[in-house]
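Undergrad: Can you make the complete structure from the sequences, with help from the hints?
Protein chains in written order, with the numbering used here: chain A, 12 to 307; chain B, 12 to 307.
Please keep in mind that the hints were generated in silico from the structure rather than gathered at the bench. Source: prediction; values computed, not measured. Using N, Cα and C, we set each Cβ at its ideal position, and we do this for glycine too. Keep in mind that the hints are not guaranteed to be accurate.
Partial list, derived from the structure: chain A residues whose beta carbon lies under 8 angstroms from chain B [claimed, not checked]:
id, residue
1, Gly-90
2, Tyr-92
3, Ala-94
4, Asp-95
5, Asp-189
6, Arg-193
Derived coverage of chain A by chain B (criterion: at least 3 residues anywhere in the stretch with Cβ under 8 angstroms from a Cβ of chain B; other residues may be distant) [what the hints assert, rightly or not]:
id, stretch
7, 71-78
8, 160-167
9, 201-215
10, 264-271
Keeping only pairs whose Cα atoms sit at most 20 angstroms apart, straight-line, the calculated SDA-like set for lysine to any residue is [as the list claims (entries may be wrong)]:
id, chain 1, residue 1, chain 2, residue 2
11, A, Lys-27, B, Asn-190
12, B, Lys-264, B, Arg-204
13, A, Lys-300, B, Thr-231
14, A, Lys-264, B, Gln-303
15, B, Lys-261, A, Met-304
16, A, Lys-261, B, Met-304
17, B, Lys-265, A, Met-304
18, B, Lys-183, A, Met-96
19, A, Lys-183, B, Asp-95
20, A, Lys-183, B, Pro-260
21, A, Lys-300, B, Pro-260
22, A, Lys-300, B, Lys-264
23, B, Lys-300, A, Arg-220
24, B, Lys-264, A, Phe-307
25, B, Lys-300, A, Lys-138
26, B, Lys-183, A, Pro-24
27, A, Lys-265, A, Lys-288
28, A, Lys-183, B, Asp-98
29, B, Lys-300, A, His-221
30, B, Lys-264, A, Met-298
Number of protein chains: 2
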Amino acid sequence: MVGAVALDSVETPSEKRENLLGGSASYFSYAASYFTSVRLVSAVGDDWPHEHTELLQSRNIDTAGLKVIPGAKTFRWSGKYHADMNDRDTLDVQLNAMEQFDPVLPEEYRRCRFLFLANDPPGLQIKVLQQCPGATLTVADTMDLYINNQHDELLELLGRIDGLVLNDSEAKLLTGDDNLVRAGHAIRELGPRFVVIKKGEHGAMFFSRHETYVLPAFPTPNVVDPTGAGDSFAGGMMGYLAEQGNFEPKTLKKAMAYGTLAASFTVEDFSLDRLEKIEREDIEQRMRKYRQMLTF
Amino acid sequence: MVGAVALDSVETPSEKRENLLGGSASYFSYAASYFTSVRLVSAVGDDWPHEHTELLQSRNIDTAGLKVIPGAKTFRWSGKYHADMNDRDTLDVQLNAMEQFDPVLPEEYRRCRFLFLANDPPGLQIKVLQQCPGATLTVADTMDLYINNQHDELLELLGRIDGLVLNDSEAKLLTGDDNLVRAGHAIRELGPRFVVIKKGEHGAMFFSRHETYVLPAFPTPNVVDPTGAGDSFAGGMMGYLAEQGNFEPKTLKKAMAYGTLAASFTVEDFSLDRLEKIEREDIEQRMRKYRQMLTF
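TA: Written as structure tokens, this is what we have:
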């Protein structure tokens, strides 16, 4: 997986926390690590606390691709959540090390079969794709910034990847359609074989040529910090697919469910604090509850 | 069921329609009629088109409780939907005949076992409850107006009913809690044995002492007019419960699913136009798709 590692400042209605381990790459890798070994590609500055690297390594995440750029600072994101915890305002973004991020993958990384590209600029995502010609499943995320400002590059990316994961607001922005069912299929027709629309507390939708479905979020009473939920979702999903070694429709639907559960744990505390406390068996236990919830 | 029958004016992003058959009682009764015989209690003015009564009767809905108030006009509601079709502004409300609505139930109505009280003032809902002492399942809806202005009466109602159905925004307003899982259980602790929170396009949540679950909406690409979706949900749910003659946890969950599907048909056209075109078998066919969607 290729993406950002960050230091976050997060303000929720009840608490304010600073210098948290964050970024798409951290959440994705940690969630995926319950299912498969992960190779992480990112860049940080020399202010990066080494214990964060150790935390990732403790879950068998390969950090050989985590480049420290001398003299640079680590990417910083600061955001404030609304009362309902489903919307947030970004207060500040300092790209820092990520601005100079030009991933050159280590040789052994280039043989990966399952590749996830977090929401970096589409041109950069394409550069990474070109370094992994043998990948059998390539999935990307994107964001409003690139939908608005790098539309052509994004369209080129969509023609080259197998799956796209994006938020509901981004799907509406990309297609100009407020009906998510139509929007999902419209994006699929731009290239990817499947599209996943993440709806935050309302779950996630899946679109392929022959399938349209929605899975609800796991209802947790304990939403402390939603930061990283979407990246954890993608990590759980891709991690399970890599573990299974295929992406048949059946496997994809189970992967959607595992992604949903990974996200449900992440939001129960700040940063990776909740994920740090669970084992694969906790995910499986929640999976049994989730299946039961959807059985009637 | 006791509720309002109305003439609606509805504006969606693509179309404006006037004088549509609407109101909670119309949608509820029509949706419930696929499962059980329905007895409707409401009031209209002498401008009420008789063909609307005939339409309801054509589905075996007993309209003996539909009172025509001479000299009065029928309840009128006018609303405009936002681009995403999940929010709307009420442009105008003229209670008219509903202002004088003081339901005195016909004798044979008072022996009903399954009673649904649409979102009328809680004092009126309690009056109806008192007329049906033999009801084995009583479920009510409510709305922001009564949460704000008739709080004590509403709390009294909550102590007397078996189930409450309300919107997500109303659940947040009633409890002051933006987390719907906590809000649902908090409302349950005010009296009802179960609570259903309707989330529009995002589905519905169920809360009882031992259960918490969410079912997603059926994903339809064809959302024409969401008016009446919540009432159709309640109608499908209560209709199925009445058909089954019990409200065991298993039956309740299936009822939630039937409510979800009834709503999914309603939104596919204005007024009752889509429901008018379907048979029970169409609901069953969609149920098979819905079950498959949630199986992994």
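Undergrad: Check each numbered hint against the structure and report the violated ones by number, ascending.
TA: 1, 2, 7, 8, 13, 20, 25, 27
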